[in-house]
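Trainee: Once you've looked at the hints, dock chain B against the given chain A.
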Amino acid sequence: MKVAVIGDEDTAALFKFAGAGKVIVVDGDIEKKFDEVVEDSEVAIVIITERMADKIARKIEKVKLQRELPVIVEIPDKKGKMEGREDLVEKLVKRAVGVEV
Amino acid sequence: MEGVKPTRMQLLEIRKRRLLAVKGHELLSQKRDALISNFFEIIKNRKEKREEMERKIKEAFESFIEAEMLMGERQVRALAEGIKEGRDIKAEKKNIMGVPIINFSIEDRAIASYGMLDTTSNLYEAINRGKEALDAIVEVAGIEGSIQKLGKEIEKTKRRVNALEHIFIPKLEGTIAYIERQLEEREREDFFRRKRMKTFMEQHD
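Taken in sequence, the protein lines are chains A and B.
Quick note on numbering: this note's numbering labels position 19 of the first sequence as 19, and the sequence is numbered without any gaps.
If you want this note's numbering, it's the 1-based position in the second sequence plus 1000.
In short, the hints are calculated from the structure, not lab data.
Hints are not guaranteed to be accurate.
Lysine-lysine pairs mimicking DSS-like chemistry, simulated, CA-CA at most 27 angstroms apart [claimed, not checked]:
# : chain 1 : residue 1 : chain 2 : residue 2
1 : A       : Lys32     : B       : Lys1084
2 : A       : Lys91     : B       : Lys1084
3 : A       : Lys78     : A       : Lys64
4 : B       : Lys1058   : B       : Lys1084
5 : B       : Lys1084   : A       : Lys22
6 : A       : Lys64     : B       : Lys1149
These numbers were taken from a predicted model, which means no experiment stands behind them.
Next comes chain A alone, as it looks inside the complex (with noise of 0.2 angstroms):
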């Protein structure tokens, strides 16, 4: 199996260099794209930035909540993390536990 990347060029370029099978610049229907990669059964592992997750935040966590595999994995860009945004592990372990870690 391998690890997507959905990000901007340099998050491509970069984990490419790293060993990323399959890597996805986007520039416009970020779902879509996402949507594409989820379906993929030969990818294990999909990165993709926070900025662009922030994009499809909503489509995110209910793959999470489907899924077992893909995992999504957020991770920050090269302008490093951002800060104030909701973490949706954070969410699903507040709606199993019923405390906030």
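Mentor: Below, chain B alone, put in the same frame as chain A:
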């Protein structure tokens, strides 16, 4: 209480079922607690690993942007596009004492060799850092994937515990009380009938 025959046999049967349900409830509650304590453990671990991952990504981008500046963005991106194969990754699903875990392992292989790049050491260093960053991301992916699975398992277990506690067991207890009332009633009736029979017999002696 439809479909319930108020007999002693039935009472014993339902008492047995209640005992089983109580036992099941106890076991499931224990499982739920064990899953939750495991959950907190893995969440703590995630926090640490994510911080490490973020640091490694930052370092990788720093040297990558530097290499791009030195070599030209276009050339670096063209080189990246020339790479055909990625590193292979394996997903392994395990169940440790009822706790679902997912683990990824990524092939440890250099994608671009120094010779192939035929270029400055800046890019080479950036690539190595990128590789380390990717390794860290893969580890985080395993942790976050496990958290998702564990979260679902906890929700499922909680639902079952609640169903036993608030629906199933009270219903059985209600049935038991009903049968016990019916049996007592019948016993009282029998008692009076026998008593009346006795007086009747005595009068006609």
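Trainee: Sort out which numbered hints this structure fails and list those numbers smallest first.
Mentor: Hint 2 contradicted; others consistent.
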